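2 protein chains.
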Amino acid sequence: MADLFVIKIGGNIIDDETKLSLFLKSFAAIDNKKILVHGGGRLATKLAEQLKIPQQVVEGRRITDAETLKVVTMVYTGYINKNIVAQLQSNNCNAIGLCGADGDAILAHKREHPVMDYGFVGDVDVVNTVFLQSFIEKNITPALSPITHDGKGQLLNTNADTIAQEVAKAMSSEYDVQLIYTFEKSGVLTDVNDDNSVIPVITPSLFSELKAPLTGVGVPKIFAGMIPKLDNAFAALNSGVKKVIIGKAENLAGLIDGSSGTTIINE
Amino acid sequence: MADLFVIKIGGNIIDDETKLSLFLKSFAAIDNKKILVHGGGRLATKLAEQLKIPQQVVEGRRITDAETLKVVTMVYTGYINKNIVAQLQSNNCNAIGLCGADGDAILAHKREHPVMDYGFVGDVDVVNTVFLQSFIEKNITPALSPITHDGKGQLLNTNADTIAQEVAKAMSSEYDVQLIYTFEKSGVLTDVNDDNSVIPVITPSLFSELKAPLTGVGVPKIFAGMIPKLDNAFAALNSGVKKVIIGKAENLAGLIDGSSGTTIINE
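Taken in order, these protein sequences are the chains called A and B.
If you're matching positions, the first sequence starts at -17 in this note's numbering and goes up one per residue.
If you're matching positions, the second sequence starts at -17 in this note's numbering and goes up one per residue.
Just so you know, the hints here were simulated from the structure itself, not pulled from any lab data.
There may be inaccurate statements among the hints.
Identical chains blur together in the list; that is why a pair holds if it fits in one copy or across any two.
Claimed, not checked - List time: in silico DSS-like cross-link candidates among lysine-lysine, alpha-carbon distance up to 27 Å: (1) K15 <-> K203; (2) K7 <-> K134; (3) K120 <-> K211; (4) K15 <-> K120; (5) K134 <-> K120; (6) K28 <-> K120; (7) K7 <-> K92; (8) K1 <-> K203.
Please read all numbers here as calculations on a predicted model, not as lab measurements.
Make a model of the complete structure from these sequences and hints.
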């Protein structure tokens, strides 16, 4: 099977025009088949503030009410997505911006929860691999924004990391998929304050060791916030993704050729 | 050649949730190959006001400065376009929302003018017929928002009527194209205050007569504002479009089967 890179860019890059432009240049230069997934950055929050839409956050999760959905749809599928596509075009990368409703690319359902109402938040049901493949095979690069739909006319806000993971898993039936998450650090670090403490490769056995050293209890050897990310990475590997790579957006070429970041593999 | 309908919806429909929903239902029911083109409605102006972005209008034309471009990109390619696509999906019409940057669908250049600076306004250079055809032939309906790009990374604001016309002209090389403009009237009227005074068919000779009756000078028999629209309609016919139909969005089925609206033909 051919290689396919599914690359998620973090908000810190989206918020910085110069960094975004450099990132898109190096993304466009990747010779392989590829899909870009982007999140939102701070612009949606800023716009909601300007429009005086109160932002409800419950247990660290933003509640997407109807007005907030309008804002994130405008910012993610409109401003950010189309500017990314225009810049990729200018770098000779023929891109197409898609949300989940376009061509029924990603079908989701409104999150159900016994107690909480998250509002218009979508959990992914189906990724339309045939539709995405039709672009990839014509050398057109999909740029996905994290808005999905329920097939009944409702748009839904979906976490961009989840979109990247679900797309990577689904596309594994057709390609050897490498899933790259870019964020502000150089990789998974043993010392969160030292960007040179990158762990180059994490296997399931090393991950167990890092999470709960020696006795199976105690202080993890990595930043606690990385543990759910790594759990998700192994879940992706167990669903057919070949490799997950975590690292700095500025080092994209290194993440692709394996000289930078942390590679997570199933042995 | 197969028939293709290029259908432009006016702002009055976009601003009315119920009317839009009914329109999209009847649009989805059209059995033929089709492309939807939408404009903006009042939402962009409202959002610009809320964000306190001053709107400059010179000689009836809105100047698109950088902040206004941001707003129209968010509203047209984001909020309006993606809601239209989600609603079409719910009516079993597999649609894809596109702006000119997506797949390099519509290439434009920033308008040049000896005196005026219109800002980020784009005049169309090339419509990518092969790209649009690739969807139509797979029974995927393009929904086009009126934002184009210059190929150098710049998005541009382009009049939606112009997008509809340029797309209709370009697609005439591949299809028998009928271009439908929907607006708030039932068609071209002899009495602007009487919606029953629709002229069913306008040919070039009748148009001359309507513009300048008898002596070649004098008061036109139709509302003066219709004359540039009809000039554009004949320009489209002269560039290969088979028919132009003008009428009420609420009567879409009638506009398609010829029982409603004004049909403009070259004899």
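The hints, checked one at a time:
1. In this homomeric assembly, K15 and K203 never come within 27 Å of each other (Cα to Cα): the closest approach is 35 Å inside a single copy and 59 Å across copies.
2. Only between protomers do K7 and K134 lie at most 27 Å apart by alpha-carbon distance; the minimum there is 13 Å, versus 37 Å within a single protomer.
3. When the C-alpha separation of K120 and K211 is checked against a cutoff of 27 Å, the pair qualifies neither within a copy, at 32 Å, nor between copies, at 38 Å.
4. Taking identical chains as interchangeable, the C-alpha atoms of K15 and K120 lie at most 27 Å apart whether they share a chain (10 Å) or sit on different chains (22 Å).
5. With identical chains, the CA atoms of K134 and K120 are at most 27 Å apart between copies only, with a shortest distance of 22 Å across copies and 30 Å within one.
6. In this assembly of identical chains, K28 and K120 lie within 27 Å of each other by CA distance neither inside one copy nor across copies; the values are 37 Å within and 40 Å between.
7. For a Cα distance limit of 27 Å, the shortest separation of K7 from K92 across copies, 23 Å, qualifies, whereas the shortest one inside one copy, 36 Å, does not.
8. Proximity of K1 and K203 under a CA criterion of 27 Å is satisfied in neither setting, with 31 Å inside one chain copy and 59 Å between copies.
In this structure, the earlier hints numbered 1, 3, 6 and 8 are contradicted, and the remaining ones agree with it.
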